[in-house]
Every structure is written in C-alpha cells, then in structure tokens.
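**Q** In case you want the letters, here they are:
Protein chains: 2
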Amino acid sequence: MENLNIVPFVSVDNMMKLVLHLGPERVMTDLAGYIEADFRRWQSFDKTPRVASHSEVGVIELMPTSDGEMYGFKYVNGHPKNTKEGLQTVTAFGLLAEVNTGYPILLTEMTILTALRTAAMSALAARQLAPKGATVMAMIGNGAQAEFQALAFKAICGVNEVRLYDIDPAATAKCVRNLAGSGLALTACKTAEEAMEGAGIITTCTADKQCATILTDNMVGAGVHINAVGGDCPGKTELHRDILLRSSIFVEYPPQTRIEGEIQQLDPDHPVTELWQVITGAATGRSDPRQITLFDSVGFAIEDFSALRYIHDQLKALPYSEPLDMIADPDDPRDLYGMLLRAKAKAA
Amino acid sequence: MENLNIVPFVSVDNMMKLVLHLGPERVMTDLAGYIEADFRRWQSFDKTPRVASHSEVGVIELMPTSDGEMYGFKYVNGHPKNTKEGLQTVTAFGLLAEVNTGYPILLTEMTILTALRTAAMSALAARQLAPKGATVMAMIGNGAQAEFQALAFKAICGVNEVRLYDIDPAATAKCVRNLAGSGLALTACKTAEEAMEGAGIITTCTADKQCATILTDNMVGAGVHINAVGGDCPGKTELHRDILLRSSIFVEYPPQTRIEGEIQQLDPDHPVTELWQVITGAATGRSDPRQITLFDSVGFAIEDFSALRYIHDQLKALPYSEPLDMIADPDDPRDLYGMLLRAKAKAA
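These protein sequence lines are chains A and B, in that order.
Per full-length UniProt numbering, the first sequence runs over residues 1 to 348.
Per full-length UniProt numbering, the second sequence runs over residues 1 to 348.
No wet-lab data here; the hints were simulated from the structure.
Fair warning: there could be bad hints in the mix.
No distinction is drawn between identical chains; accordingly, a pair holds when it is met within one copy or between any pair of copies.
What the hints assert, rightly or not - Straight-line C-alpha distance at most 25 Å; calculated SDA-like pairs for lysine to any residue:
#1 Lys-316 / Gln-277
#2 Lys-17 / Thr-213
#3 Lys-17 / Thr-216
#4 Lys-47 / Gly-235
#5 Lys-81 / Ser-248
#6 Lys-84 / Arg-342
#7 Lys-346 / Arg-26
#8 Lys-346 / Ser-55
#9 Lys-132 / Ala-317
#10 Lys-17 / Ala-348
#11 Lys-344 / Gln-256
#12 Lys-17 / Asp-325
#13 Lys-346 / Asp-13
#14 Lys-84 / Glu-69
Required output: the full structure, derived from the provided sequences and hints.
**A** Here's what the structure looks like:
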C-alpha cells in the first residue's frame, strides 16, 4: 500500500516515445483489439452521453465510463476555430481509477491517444462492414486525423492505396509527405470525386463546426463503406441526408449519436444498428455487396476506456511514465490536517 | 502563444507549501471571499448536478461548471470504507481551462483544497445564518474535515471555543493535538449532548455511508445554527427528520441537495432557501434569534471553481507549481502525426 499518493503520468513526450517504440500501426492494431474486447462486453459498462459544456466557439466535454472494476474518463475540447490561431482543434487527457478505492491509477495525455483510438475504431468498424477485398480508400479531409486513419486502415483492413483530398492542397501535401515510406500508394486528388474513384472505403474527416455537405448523394455509388468521422457534435455534419437514407447505418451508442452524429439529420426513430452487436454476432453487418454501409462515428467513452486500459497495461513493461504526487495520503487517513502540520515541522 | 503544451500542476507537496506559506486561516478566509464573489454572480454559471458513478463501496464523481470564460471540474471519490484500509475517504483533483480555446490552464490536487473550501463554505454560510454573537461551536465528528472546520469558523465567524465529540476518542484526541496553539479553547466531550452545551453553532461531519442519526430532535434547542456537512450522498444523512421539520433550511443547489443532502428525507417540494440569494440579499437568512437555521451542505461545483480560480490567481505570484507536458501542441496544428515523425527523427 506504499506510494498511493503517486499517480503514473504519461506526458506528451512519453506518449510519443511509447508510440514510436511500439510503432503506430502496432499500437492501433492493439487498440482495435482492446476496443473489440470491450465492445464484446458492452453490457458490463456504465454508459452515459458525454457531459458537454458548449460555448459559441467550441465545446468542452467529459466522457466517463466504468466496467465496475475500473473507472475512466476523458477531458476533451473541440474548437474548430483553434486551427487558425495555431492551436489544436481537439486536445485531451484522461484518467483511469480503481472503482474499489476511487484512487486514480493513471493520468495521461490523450490528444495523440485519441487520434490513435479514433482511427483504430474506424478500422475496426470497417473490418466488419467494408466490401470484401476493398483495398482503396478515399480520404476526404487531410487534417490532424488523416495519417492515423490511413495507417490504421492499412494495418487493420489491408488498405494499400489512399486517395487524398482536402479543400486546402497544403493539407494534402502534408499528408503525402508524412505517409511517404509507409508502404501505402498515395494519390493527391484535386476533387472529392477524383479521390473516390475506385475506392471501396470512403473516409470523411473534416472539422468545420457547421452542417457541411462534403459528400452529395450523386457522388456515392453502390457497394461502398463510408467511414464518417468529422460529424461529431450538434450542428456539425458532413454528409447529405439523401446518402443516409440509402445507407445501412451503424453507430456506437445511439443516445449520443442521435445528438451528435450524421443521423441528427434523420427522424429520431430512424433504424440504426449498434456496432457492438455486429461484433458479437447479434446483428448483421454487411449483407449485400451492393449495400452502402455507413459508420456514423462520433467517439464514445468506452473507446477511451479501452485506450486508457491499453496504456495502463503497456506501462507494466515500458518506462514511459513519470510519478505525479497527486493524491494526499496521510499515514492516518483521518489526519489530513496533521499532514500539513508535519510538513510545516519538516520545513522548519 | 509559447508553451501551450505546458499546464501548471500543483502537487500535494506544493499545495501544502502554498497553504503553509499563506496560513490555513488566511487561505480559508480568501476562499470564502472567492466563493462569495461567485455566489453573487450565481446566474452566470452553467450548473448541473454532479455526474456520479456509484458502486457498492463508494462513488466517483465529476463536478463541472463554467462561467463562460473559464471552465472547471473536479474529480472526487467518496469511499467511507477506505479509512479502515488506511486510505482517504475523499480524494480529489481538479482542472481549470479557458472556454475560448478549451486548453487547460491549471491542474491541481484537490484533496487538501476540498477540505479547505468545504470549511470556508460552511463558515461563509454560518456568517449569514448563525445567531449573532455565537462564539461556541460543537464539532461532532472529528475526522479529516474537523480541524479545517474549526479554523475556518475561528477566522471567518469569530468562534473562539470548539467542543469536540467523536464516537472514537482517538479522533477527538487527534483534533485537540492538532489544534493546540491555534488560539481556540478546546473541550473534548464524552457525548454529543455534552459537546452541544452552550453551542450556538453545531457542526456535524461524520462519514458513514448510511442514514445515521447523529442528532435527534430532543438534542437540539432553539436559536442555533446547524452546519450539516456529513450527509452528502443518497442514503447518507446525519440528522433526524424531525429536526429538519423545525429548521429553516438553506442549500447550495436544490436539484443536487434534494438527491444528496439531509433533505432527501423530506418531500421533494419542502421549502428551502438558496444560499446565494441570502448572500445577494434577495432572500432572508436568519429572521429570529430563536430560529433553527440549517445549512444542508453537500458541496457544489461552483465552490470548486472558486477554489481553482483562487489557486490560479495565487500562482501568479507564488512558485508552488511545476510544468506538466500535457497538451500536444505541434507547430502546425493539423500536423499531429508530423510531430511524431519529428520526435522520431530527433531521437535517431
């Protein structure tokens, strides 16, 4: 019971070291495994839509969940205008605690970790839903999440070609540069339509806080899987409603996705399938090669829990954390004030 | 805009140094001032009952709020059985962020800070509600919160005598020892009744997770102020219902107190007064010397926000924080993956 005041902390620097040590593709493959394992025991989790504090320029959210043994939560913001000010649109950190004591056991940066788990989640969904043998992905929106998506789909779904498009060609150029040497064939495209040529998987990941129409109905043919990542808060969507009406829609947690996802454009009782049920076999995923499947991704607390659990497990063998003196732990738990007095005596 | 990745962190050690540097009585007096200022602008805050995750042995809670400029939240657990295992019943940490960017600007331990703000809140309420000239306080329950309560009432309400009682005499002895030299007259009592002799203020602060009856109706005479601190979650109360029916009841945030406070024993429409309205003058506090006033304290997110704001302000002049590399901040915000690649190149 020693050193209970100490919480292992994974800084940004240590998270980068951990990811580079294991390799981003291995980390995302592992994360997909952790998420899949937790989705298989979906009903053992406390689930609640995230607790959001909205302002005119963005949102700050807390995403808690628990499996009865461990409790995790993530702090995450979403401020699309930040990019213009040189800041991240999304920053995050998270914490894991023991349910039995309430004591934290891990504090970690989660900006990088969220990018990794989001891509891992997308690829896990696509492995269930994408047309058999799809190896070409259109990547529409080439911002902070794009490279992670590309590498996750390579590692987890066998994608070998990514066709990139962004309204800002500099973003596409950055992606091509960063992914050079990854083993992926890369094509910088001038239009979204060009990016979608021959693609069995279409990933949209743009970030404006508005109802945008990145894809219109006439752009989407039969027999594709759409991985819609960027529509993730009220008033922020990417797909034309008509595409949704032609698609079989798969979601993480319906009460949250109805508010935040692409399906905020549909009637509240429009049928959707919960992804965890596809994973356990309780529901059907893709049933027809000509079907359009849509993963309406918004990100759910259990995915962050899986990611926290993964990092916690990795730290059993890897040195990428530092001790944080975060929990007051007097020798006699009733003597909190005495701890102050003893600190005073020691300093004198 | 430099060093946005760095969040100032106040460790337990630094919090103790800060409190000892300023002195606990000054800190609690200052905190009462910050809380009072925030209660005066009550309507400018986003308010929500805390987000609780209950288990058989305790609860883990997130308590967020925002005034539109800053956002704060506290993580706090409550595990009464922890004491027997040598752990704190309550541990906490908190975070302050800028609403405009979503970027955190302070991470701090809050176990000690919560003890300080809880006592400051109690004394602030008593300054509004206690009988004029009350200088004697009964302190029933002599655990981790007791010394803070005693010193806050000394500094803020002019209490000069504290009569202590606990079912465990060792807890009382600890309190007497810790408060020796504080300038308070201290009396260790053998019963709760003895502790209440001549006391104009009665503070109850016990911690069993059950409906206990620390005070029965016949023990409480007219013309006192009851500061009920220990009843603070569903199924956890300290006062007999009959006392409540004789008292004028003051609360922090009714939707939360109805669930967690002593008034969970009453009808959901039993009249209560919101303390912020007493502070602004919109509602009456004590109107009669023979009245029993009751502050049904459960602790509300705005108090933690005030405490976070206070620590943030103190750090402008005091050195009691350390830099935490918590927020990924690539030079180009869209180039999160490139930050990984550059870290790799640097390490090679």
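**Q** It remains to establish, for every hint, whether it holds in the given structure.
**A** Okay, the hints, checked on the actual structure:
no.	hint	result
1	Lys-316 / Gln-277	neither (32 Å within a copy, 52 Å between copies)
2	Lys-17 / Thr-213	neither (38 Å within a copy, 55 Å between copies)
3	Lys-17 / Thr-216	neither (41 Å within a copy, 60 Å between copies)
4	Lys-47 / Gly-235	both (23 Å within a copy, 23 Å between copies)
5	Lys-81 / Ser-248	neither (32 Å within a copy, 49 Å between copies)
6	Lys-84 / Arg-342	between (50 Å within a copy, 22 Å between copies)
7	Lys-346 / Arg-26	between (48 Å within a copy, 21 Å between copies)
8	Lys-346 / Ser-55	neither (46 Å within a copy, 39 Å between copies)
9	Lys-132 / Ala-317	neither (37 Å within a copy, 63 Å between copies)
10	Lys-17 / Ala-348	between (41 Å within a copy, 12 Å between copies)
11	Lys-344 / Gln-256	neither (49 Å within a copy, 37 Å between copies)
12	Lys-17 / Asp-325	both (22 Å within a copy, 13 Å between copies)
13	Lys-346 / Asp-13	between (34 Å within a copy, 12 Å between copies)
14	Lys-84 / Glu-69	between (42 Å within a copy, 20 Å between copies)
Hint compliance for this structure: hints 1, 2, 3, 5, 8, 9, 11 are not met, and every other hint is.
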